[in-house]
Every structure is written in C-alpha cells, then in structure tokens.
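Chemist: Chains as they are written, first to last, in my numbering: chain A, 1 to 393; chain B, 394 to 651; chain C, 652 to 956; chain D, 957 to 1256.
Calculated from the structure, these hints are not laboratory results.
We treat Cβ as the ideally placed atom computed from N, Cα and C, and that holds for glycine.
Incorrect hints may have been included.
Covered stretches of chain C (chain D as the covering partner; in silico rule of three or more C-beta atoms under 8 angstroms from a C-beta of chain D) [claimed, not checked]: (1) 745-753; (2) 759-772; (3) 924-938.
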Amino acid sequence: MKKTSIKMSISTALFVLFSLNACTKKNDATQQASTDNAKPAASEILIGSVLSITGPEATFGISSKNAIDMVFEKQNALGGIDGKKLKLINLDNQSKPEESAIAITKLISQEKVVAVLGEVASSRSIAMAPIAQSNQIPMLSTGATNPKVTQIGDFIFRTSFIDPFQGPVLSKFILENLKLKKVAIFKDIKNDYSMGLAQFFKEHFEKNGGQIVTEQSYSAGDIDFKAQLTAIRSKKPEFVYLPGYYTDIGLILRQARELGIKVAFGGGDGWDSPKLFEIGGNASEGCYFSNHYSADAQDPMVQEFVKDYQAKYGSVPDALAALGYDSALIIIQAIRSAKSLSGPDIRDALKVIKDLKGVTGTITFNENRDPIKSAVVLKIENGKQAYVTTINP
Amino acid sequence: MTEGKKILSFDHLTMAFGGLKVLTDVHFDIEEHEIVSMIGPNGAGKTTVFNITTGIYQPNRGSVRFCGNELKNRSTYEITNMGISRTFQNIRLFKDLSVLHNVMIASHQHYRYNPLQSLLQTKAYRAEEKQQAERCMEILGIFGLSHRAQEQAKHLPYGEQRKLEIVRALATGAKLLLLDEPAAGMNEQETHGLMDLIQKVQQQFQVTILLIEHDMKLVMGISHRIIVLHHGEIIAQGKPEHIRQDKKVIEAYLGKPS
Amino acid sequence: MIALAAATIATYLLTPYISSFYLQMLTLAGINVVLANGLNLISGITGQLSLGHAGFMAIGAYASAYFSLQYSDPNYFLLSLLLGGLFAGAFGLLLGLPTLRLKGDYLAIVTLGFSEMIRVLFLNMGSLGGARGLPQIPHHTNLTWVVFAAAATLFFIHRWMNSYFGRAFLAIREDEMAAQSCGVNTTKYKVMSFSLGAFFAGVAGALFAHQLTYISPSIFTFTKSFEILTMVVLGGLGSLSGATFSAILLTFLPEVLRPLQQITHIDLRMIIYSLLLIILMLTRPTGIMGKREIWELIPWPKRKA
Amino acid sequence: MENFLQHCINGLSLGSIYALIALGYTMVFGILKLINFAHGDVYMVGAFVGYYLSAFLGLQSQPSMVSFFIVLVTSMSVCAILGFLIERIAYRPLRSSPRITALITAIGMSLLLEYVAQLVFGPDPKVFPMVLERRDLFQFGEVSLNNYHALIVSVSLTLMLLLRFLVLHTKFGKAMRAISEDITTASLLGIPTNRIISITFMLGAALAGAAGVLVGTVYPRIDPLMGVIPGMKAFSAAVIGGIGNFPGAVLGGIIMGLSEEMVAAYISSSYRDALAFGLLIFILLVKPSGFFGKYQPEKV
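So here's chain A without its partners, still in its complex pose:
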C-alpha cells in the first residue's frame, strides 16, 4: 500500500510538472508564432468576436456575425481603415457562458485582437466582460440588455438598449396610445432578457396606473403553451405583454388564437424576425412590439442594409443582425478615430462617439456606456412590420 502511495505521488508530481511545463512551452511557441505572424500581418487590424454559432441560441449569434462580416467586407472594399484591412476572428461559444469566457481570453491573449464584439446575450456578455476589463480591451456587446453588463467596467460598451428603457416603451405605448389598463404578462422563465423586460415593464405599467391581471411564464423550447394561455384567457386582459424571442412567440400566438384570445399581444426586439410571421401566420396580425428600427423605414441606410443583407444571406435581417451591423459601424468609427490601437485609446474613442448614424438609430453613449437612442413601436399588419410611433428615452 505504501508503495502505491509513493508511486502515485511520483506520477502525480511528474504529471503536474509535465503538463505545466508543456503549457508554458506551448505558450512560448505560440507567442513566437504570433510575433512571427504579426510582422507580415501589420497591414491587418484584428478584431475579435464571440458569438454563438452552435447551441440553442445559435440563430441569434449567426445573425449578428453575418451582419458584422458584411460591414467589414464593405469597409475592406473601401480600403479598410488607413489602408489596413479589418479581420474578424469569431470564436464560437456553443451558447455557453463558460465557453464565452474561454473564447474571449483566447482572442485577447492568443490572437491579440484590439477589440471584441459580442455577445448577443446578457448572460454570456457578463461572463466575458470582467476578462475584457482586466485586460483593458474594449468590448462592445451587440445584444446584451441587462444593465449590469456595462457596469462591470469602463471598457464595456453595448449597442442595444437596456431593459429599463425598452420595458417601459411598450408600457407607455399601451397606456398612452392604446389607452388600455388591464394587461397580462407572459414571460420566458429561462430567459434573462425576457425576465428583465417583464420586470421593468411591470414596474412602469403599475406605477402609471395600469393593472397587471396575471403573470404567467413558459420556458423556451416548450411546444405547448395552452395551459398558461387558458389561465390568461380567464383573466380577460385587454393586452398581453409577451417579451421573448420570436422562436417561441409565433407558436404562442397561434395557440392563443386557437383558444379564442382576440386581444393584441406585444413584446420587445426579440420579436423582430420574419420567422415570427412565418410561424405565427395570421395569428400575429395586429400585434405590437418595440424595436430599434423599422425595416421598411424610408431611411436609405436601413433600406440598403436590408437589401444587402437579403442579397447576401437570403433572408430579412432580424434585430440582432441590425445590432451586429451597428456594432461593426461603431467599432470601425472608434478605431478610425483612436489615437492608437491600444485598448485604452480605442475605449476613449468609443466614449466620445456622438450621433453615429446606424440602422438602429443615432448612437451616443451615456456615462454608463449604454447607447442613448430612441425606440420604435411596430405593428404587424398583412405580414409586414408597420411603423406606428417613435418613443424617445
């Protein structure tokens, strides 16, 4: 027995030493390799992105990445930035927070990117932000809506508006434009975005004289929502607030109509996808949602974005594509105006971005590094998203 212990000790010690040694060596090797690469590649600016290409939320990450790729290609065709080409390195995170942390560390320490774009979800952005912050590399989250993301540090920015802004948008709209008082909330318990929106919607709505008749929840990926919908039906609300992603919304709307719920439903930018109408069909008619922009706005920039995106990827862009598009514009603008490619310089350039025109609005960062921009309310009519009104922060 004693002998085994000794043997074990020796092998453990050897093993630890060996593996650590291997890693330090490997590290030297890669560092050498990357410096070797760095010389001929000086004509390139490396920008990292962490976006989900696989896993349950892959579809959102892909949208964002597509849009970013599109902007970068266009910029490179125009000669890049000061003659340097932009190169996007996207590392997939399998829709997992811990993989996102690995990916951003790899981008920063191995690939030596100057800035990181992503993630589309708050949870994964929160996992990435401390790493960007401690390495002093600016990070621009495309889709995070949780206010806590940018609170992590002054290197963290975002393109999307935050839940405390977007939640009240529809609340205001319901109270002031639709003049309705009795609303039911139906939220996705698994989804931080949906829970955040529901919370801020509720706070605003109740404070301003509205009444929440019932709060029900579902979980993303379920197929049957009739139990909760029947419960909602029995409370006879005048409107149902349904923050969530379009992947579930279409089915929910369909089942609501089957149960004879005729009132309008509404949600946030997670609704923005042609898939919503495809899945929901006529059931989605007459519903409202808050969004960053309106795809059929007359704005030539939006028109061009939608046209280009459709031409390249064969589908109408969703909200996360629009956000990815703007994130790319923001980062290009910041790199162009930054004094150098160092993290703090790019951060400083990001901070002072003012009135940058993107498809999701005119972007200026506030002191929390969250964009100040207005939201629009859209209505689904004849399978199209029709502009209703703009609500300013």
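Using the hints, position chains B, C and D against chain A.
Modeler: Showing chains B, C and D alone in chain A's frame:
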C-alpha cells in the same frame, strides 16, 4: 458454552411467492458447533431458507431466531454483523477486486478507525490495516489461497472461487456459516479436500455450519445431522445413517416405485 | 501529502510564466478534474450511475457565490469553497436517503430529474438572480487554488480507497448483495458516497463561480452532467488517473479542434467530440484506463525484499 | 368550469404527444433495457424529413389527409432506416458490455444527431408546412376541440393498440418478449435476436418519425434541438407508466400532460418544468416499477 445449545431455530416458517408455496411449516433447530446439511431435490426451498435467514426475504409466517434474537425485519448486513454469514449458490465474489480485498471487505465490522485517521494514515490506522490484512492472509492460508492474494478474483479457477467465498464468509467473524452448495462444480478430489477443510474450519474457528449440498458423499461424510426438504416441507431429519435408510427420502429422490 | 504540497507550490511558482489563456484552460481543466473525480467516486467506485452532477455543482456554486457576495474578502475564500461543498454534500444526503434504493437506470433518471429540478428552483429564486444569474462574483479562483483542490481531491479519494470505507464502496459496485452479506451497510455507504461526490461537485462549482465571476441556471444543465460523466467513462470508470487524464483531455479537446473550425468555416468541433465518444465506446468500452491506475502501467523497477 | 374543461382537452392532447414519443422509448427499453437517448433526436429528424419532403413535393399548397399521410409514411420510413443504422453501428457492438457504456454511447449518438442537424438543417427554427388544415370540430362556449387534438389522440391510441397486438399476438412479438426476458436463452432457442432487435429499433424510430410529423403539423415550429425537452419529458412519462409497457407509456404520457397542464393552470406556471421530474421521482419512490411495470426481484 456447553455443547448442545441452540444457536439457530426456525419456528414454523411458511413462505409463498404469489400463489406458489415454497416453504410450509418448516421447523427445526441447529445446535452450536454442529455441521448440519440440508438436502432435497431442486426447488425444495433450501436456498429460500438461507434467504430468509439472511434477511433477503421476509417469511409470510413463522420466525427465525439466532442466539435467542428474533431476525425478522433486520437487514442482511445487520444479520451478518450478528454473526451469520453465507456463500452463494451462483458465486458472488467481488470479481474485479483482488482476492485479499475480497476478504478484507468481509472483515468490515472489525475495523475501528475513523475517516480522519484513514486520511492522515495515522499509526492506529496502519496498525489496524496491518493486523486485519494479516488476519485475512491467515484465513486465506488455511484454504491454500495465500499465493493468490493479489490476483483478481475473477481470474481464479472455479474451485478456488468457491473456496474464496467460504474464506470471505469466515472473515466476517461469523459464528454460523451458511454454505450454499460449496462443492458444486468440483471434481472428486477437490470435493474431498473441501470436506477436510470444512471440518478443519469448524474445529479451528469453533463455528456452526449449515450447508446445502447435492454431493451425497460430502453430506454423508461430514454432517452431524441432515435435514431433508421436499416441496417446502421437512420430510425427514436425523443422523446420516438414519437418513440413508428413510423411505420417504428415497422416494423423494428416486420417485415412487409404481 | 508531499505530492499535494509539491503540485500546489509548483503551480504557484509557475503561474507567472503561463499565458492567461492557458492559465484559464488549466484552471477549467483542474475544476473538471475535481468534478470528474467526484462523480467517479459515485459512479465509478460505488457503481451508482448519476446523471445529476451539474445539480450539485450548481448548489455549490450558488451557495459559495452568495456567501462571497456578502463577504468578498479573499481570506474567506476557503470558507466559501467549503460552504459550497457542504451545501452540495447536504443535498447529496437529502437526495441519497430516499432514492438510493433505486437501481441502475432508474437511479440515473431520478438524479437527472433532481438536477433539473434544482435548476428550475434557481430559475425561480429572484434573490439569486433567477434567469439573469448572479454577476460580479469576486474573482478569487486561480490556478494555485484549483491545483490545490484537485490534488486534495485526488489525495482524499486515494486515501479513502485504502480504508475499509473505500473498500465498502468498491464492494457495492461489484455486488451489492454480496456486500451486504459481508456486513456492509450498503445504504449508509451509498449515501456517504453520494454526499462525498456531491461535496466535491460543490467545491468545483464554487471554484467555477469564482473563476467565471458569473453563474446562471443555464450553465448547469444536464448537458453539463453528461460532459462530466463522459470524462469519467472515457477515463475508465473507477480509475482515478483515468478520470483525471480524460478531464484534462476533454477540456482541451474543443480548443485543439478550434483551428479546424477556422479552416472549414463550419463548426465540426462538437460533431467530432460526439463521434469520438461513440468510437471510443465501441473500440474501448472500459475507457482509456479501464479500472487500472496509471502507475500500475509504468514498469517500476522491482525492489528486492 | 369552462376553463377546467379546456385544460382537460389541452392536457389530453399534450399528453398524447408525450405518449407517442414515450411509446418508442418504452419499446426499445423493453427489449434491450437501454435508455435510447437518441430517440428524441430521431423524432427531430422525422420532423425535418417531413419539412423537406413537403417543400420538395409542394404539398403545403394542397393540405389534405392524403398529403398528410404521404408525409407521415415517408418520414416514418426514413426514421426507420436511421434507427436501423443507429442500432447496427452504435448499439449492437455494445450489447454485452456494461449498461453504462451503452448509455454513454446513446448520449454520444444524441449529441451527434443534434450537431449534425445544426450543421445540415441550420440552427434557426423552420416553419413546418401546413399539410393538414385545422378545423374546429366543436365549440362549446369558450371550449373548443379541433381536428388536431382528435388526430393526435387517435393516432397515439391506434399505435398503442397496434403495438400491443403485435407484441402479444404475433410470432414476432413472442420473439421480442423472449429476448426481453433473456437474450442468451432466446438466441439458443433459435430466435434470430439480431434481426428482431433491429426491427424493434426500426419500429421505435418509425414511431419517433410519426411523432415528429404530428408535432410538426400541430406545433409548426421545428429546430434541431426540438427533441431534447419533449424527449426527456416523454421518457419520464414512459417510466411513470412502467417502462416496457405500451398502455403504461400512454397512461404515463397522459398523466404527464394533464398534470403539467393543471400545475401551470392552477398552481404556478414557472414550476411546470420541475413538475415532470418531481412527479417522476415521486412515482419511482412510491412504486419503483411505475404503474404497469413488472417488479422483478433480484435472483439470489
């Protein structure tokens, strides 16, 4: 302790699985230091008696007492720790573990050290481990298995596996051994060796043995007493020479002469 | 004991020379080593198939993260880790007591269900962030802590296996009925094994929480449990060094395969990962190590008695 | 009252879907004692086959019973082939190895199918074409019952009865039962075990395919991970009903559907997911073999 004290008594046991009656009013005692054999055709309910004794089954009626203590509703390990251990008809060794480990597991209840002592491998721990290992090796030695101590149990030849099961049962420190067909699959020579061993063990460890066996040579050779079960009922019991001539027993084994 | 100290000190000294990426990978690998060996104790050594390891990990992560958010002083980190372990261990006990009379697949399903229930519970606990998770947990975990925890886990399990408790675990795996006949209180030892395994999972969860600085229920899904189980099975059920080796291997594998994604522009990583799993099971069903240990394979010079 | 009635209808139709998926789990488990984790993913493949087939044949322009059955049968056949391949490649070589090895392989197979599907079909949700029009069968106040509900319930029950007949009254079923009792003895008795197991797998996979198409028709959103959650719930249902037993699977599915519905309706919808497993744990503790399962004491 004097000879003739009852160690195990079966009190009107009745057991049925569903509608099938396996044991009917089985009633007998075993005295200390006896070697008793239970015989009977397949399906007579012999193994069921073992399973009831070791707490695997609960009888429908009747009870089992060991040294005056009721065994009902006790779990198998408690019964083992009271001093009854058994072997299995279809060898159930810890196949992937070493022979020595098999035996050391059986001496489970003799250890006293606590988890902290084992983590720090204190003196007390080492002394106890050493002492137990020696004790186990000693029993293995008696069965001629000490040279196999480090081998995996599954690599032993069949006969030695059977022996190892007996070693394991002994190592629990049991006062009563229940051996389920210890000679099954052994050749004549091995069986002969086993007979000597069982008697030797009985002498050396002062244990009582109840065994189930089909090999009549073994049964007649070592038993002080024989109990014959047939269709769940005791049809005869007594000394070997008495059983040999019992009409009912002969009938049960050979069928009724027509 | 010496190896434990040596490994920890060696890591501490070497840390400044490792790039932050490898540091992070090694940290995760170390956490996985703790997880895999904890599960190995339950499934490999005691033979009770558990598909709920992520649930215990979640409990440990949440308990310790909550504690650290109240007392963020790094001096309390050890306490926070132990708290995570103890909470998870207590839940292991709670789950073990009623369910361990179930066998094999049934137990597997119950543990799977249990961990999913834990997750739903956390989703519904607003005070712990619900779906939005707990952010800004202090970043206390570093490689030294992790190596220490991993080495301590291995040390603990190794010593444990050389005691009568450890042998009782093995006996239960080999043959529960026979173990009982040897006087082993199988229920007691199964519950013990469950709680111990859960304890290690809790510690690993705590380390994980203080490494990522963020936890949310979506991290601790059954996919995580499967990943941990895969590590154990791949390494060889019951083999300490096997589980350790494959935990490290499987942590690095997706990263090693990443360049492939860069080249092909499609993500083949997880496809390769799952294919590898199937092929390995088909060609070497007992895992890389089987039930043996790595030091049993090295031809040590024989000492003369 | 109206609401309660509606909840019952909802619960029954959801339960029938669980039942349908549960039948496949039960069938494979019954014969091989293997939790076929990939079953939920075969169901997903079934839905996608239906999706591509109807796009290829342009069936959504003419929804009818005929196009529905064309899609159903094709999808079932493709899934049967897939099931055959899975069994042949991944499970058969492991038949004599420890249960846990087979279980891990099943998990690996499930992951493989999911990731390949993400690559081939794309990770975004697709809209299942309408191959059958929805019609309200009757409306009573606010309570409504439509032909989809009726379709799911009747298909589940029909398949259950067919399977039961197959297992209890045909030679094939006898062979299946023999294998499930003792595979070695069965093969010694001259039962072509490999062939029977292959066919069982194909049947199970075909059931999954049918479920995929049915669910696609009724809940027209399909994606590569759609099989995961319903798969787990259906599996729980199979265990609750007594795994290996067909009426048990249907009963378990319906219990699961109804109780999920009632919990969401009258207690709290946010605990709905916990319920499936809570119920499972509870049933296993009270009656480890499920409602209709056989309790098999260990032989000593």
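Chemist: Of the numbered hints stated previously, which ones are contradicted by the structure, given in increasing order?
Modeler: none
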